[in-house]
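J.: Given chain W, work out where chain F should sit, using these hints.
Taken in order, these protein sequences are the chains called W and F. The numbering of the first sequence is this note's numbering, which starts it at 1 and goes up by one. The numbering of the second sequence is this note's numbering, which starts it at 1 and goes up by one.
Hints were generated in silico from the structure; no laboratory data involved. Watch out, some of these pointers could steer you wrong.
[What the hints assert, rightly or not] Below, computed lysine-lysine pairings styled on BS3-like, alpha-carbon distance capped at 27 Å:
#1 Lys3/W / Lys52/W
#2 Lys3/W / Lys57/F
#3 Lys52/W / Lys69/W
#4 Lys3/W / Lys42/F
#5 Lys83/F / Lys57/F
#6 Lys83/F / Lys42/F
#7 Lys110/W / Lys42/F
#8 Lys42/F / Lys78/F
#9 Lys42/F / Lys57/F
#10 Lys42/F / Lys69/W
[Unchecked claim] Here are the simulated distance ranges between beta carbons:
#11 Asp67/W / Glu68/F: 42 to 48 Å
#12 Ser25/W / Gln14/F: 43 to 49 Å
#13 Arg22/F / His40/W: 21 to 27 Å
#14 His40/W / Ile60/F: 21 to 27 Å
#15 Leu51/W / Glu85/F: 37 to 43 Å
#16 Val12/F / Gly15/W: 41 to 47 Å
#17 Gln17/F / Gly15/W: 48 to 54 Å
#18 Thr5/W / Asn51/F: 33 to 39 Å
#19 Leu51/W / Gly16/F: 45 to 51 Å
#20 Thr26/W / Thr7/F: 39 to 45 Å
#21 Gln42/W / Ser73/F: 18 to 24 Å
#22 Ser66/F / Glu66/W: 42 to 48 Å
No residue lacks a Cβ here, since even glycine has one placed at the ideal position from N, Cα and C.
Residue strings, one per chain:
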Amino acid sequence: DAKTTQPPSMDCAEGRAANLPCNHSTISGNEYVYWYRQIHSQGPQYIIHGLKNNETNEMASLIITEDRKSSTLILPHATLRDTAVYYCIGLVYNQGGKLIFGQGTELSVKP
Amino acid sequence: EPEVTQTPSHQVTQMGQEVILRCVPISNHLYFYWYRQILGQKVEFLVSFYNNEISEKSEIFDDQFSVERPDGSNFTLKIRSTKLEDSAMYFCASSYSGFFNEQFFGPGTRLTVL
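Same shape as in the complex, but just chain W:
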């Protein structure tokens, strides 16, 4: 699985877009990028995943660069409830789906 690198912390103003970067320069061709978040010691929560195309769902958008070496998770209108640790995880298809969490990015949304 690709090693992912994320900034340890970020701030965002409430109502603004939060853009969380992830570097995964060693990602392989069959490796998907998954994003989860953990709100204050609760169980992690799935956000979105993608392979090479940009993806959008009701929670967020995922932008993956053409060379797939990095991606950005976008929360379009951050709220205080989006304050959490965000994890970018590389997952290889057909390897059982175990999640390997790194340290993630601690996002603080401020009023």
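T.: Coordinates of chain F only, in the frame set by chain W:
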């Protein structure tokens, strides 16, 4: 909305005792997982379970640990002879498939070993 539940929410035990952590996964899910998180540290994978057997386990998941799906609804993690360093939050998760579907996590059981 269906959810994963875990009991108890907090378990306190003496070192050397056995504990069983219980989880009820989402009813139509087929893959089950246990993770743990020591306070202030990252979430760590312990074990995955499918078709009534362990699919994969981490180095942490040694002979002290075992998992079981005793009936059609419960999924348990047993820790024998607990040690101080087993103190952590233990999360159960389930998914419909092993890969493309998201894993749904429970709220966790906080285990404190004294």
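J.: Confirm or reject each hint.
T.: Here's how the hints hold up against the structure:
1. For the hint linking Lys3/W to Lys52/W, the alpha-carbon distance of about 17 Å falls within 27 Å, and the restraint holds.
2. Using a Cα cut-off of 27 Å, the hinted pair Lys3/W and Lys57/F holds, with the two alpha carbons roughly 20 Å apart.
3. Restraint check for Lys52/W and Lys69/W: the C-alpha separation of about 10 Å stays at or below 27 Å, so the hint holds.
4. With a C-alpha separation of about 15 Å, the suggested pairing of Lys3/W with Lys42/F holds against the 27 Å cut-off.
5. Pair hint Lys83/F plus Lys57/F holds up; C-alpha atoms about 20 Å apart against a cutoff of 27 Å.
6. With a CA separation close to 19 Å, the supplied pair Lys83/F and Lys42/F stays within the 27 Å bound.
7. A C-alpha spacing of about 24 Å is found between Lys110/W and Lys42/F, which places the hinted pair at or below 27 Å, so the restraint holds.
8. Among the hinted pairs, Lys42/F with Lys78/F is consistent with the structure: their alpha-carbon atoms are about 22 Å apart, no more than 27 Å.
9. A threshold of 27 Å between alpha carbons decides the hint, and for Lys42/F with Lys57/F the separation of about 17 Å falls inside it, so the pair holds.
10. For the suggested pair Lys42/F and Lys69/W, the alpha carbons sit about 23 Å apart, so the restraint of at most 27 Å is met.
11. For Asp67/W paired with Glu68/F, a C-beta distance near 45 Å keeps the hint of 42 to 48 Å intact.
12. A hinted range of 43 to 49 Å for the beta carbons of Ser25/W and Gln14/F is consistent with their spacing of about 47 Å.
13. A C-beta distance of roughly 23 Å is found between Arg22/F and His40/W, which places it inside the suggested range of 21 to 27 Å.
14. Judged by the Cβ atoms, the range 21 to 27 Å given for His40/W and Ile60/F holds: they are separated by roughly 24 Å.
15. For Leu51/W paired with Glu85/F, a C-beta distance near 38 Å keeps the hint of 37 to 43 Å intact.
16. Restraint check, Val12/F to Gly15/W: a C-beta distance of roughly 42 Å satisfies the suggested window 41 to 47 Å.
17. Distance hint check: the CB atoms of Gln17/F and Gly15/W are about 50 Å apart, consistent with the given range 48 to 54 Å.
18. Taking 33 to 39 Å as the suggested C-beta distance range, the pair Thr5/W and Asn51/F conforms, at roughly 35 Å.
19. With their beta carbons about 48 Å apart, Leu51/W and Gly16/F fall inside the hinted range of 45 to 51 Å.
20. Between Thr26/W and Thr7/F the CB atoms are about 40 Å apart, so this pair conforms to the stated range of 39 to 45 Å.
21. For Gln42/W and Ser73/F, the hinted distance range of 18 to 24 Å is satisfied, since their beta carbons lie about 23 Å from each other.
22. Evaluation of the 42 to 48 Å hint for Ser66/F and Glu66/W yields a pass: the beta carbon distance comes to about 46 Å.
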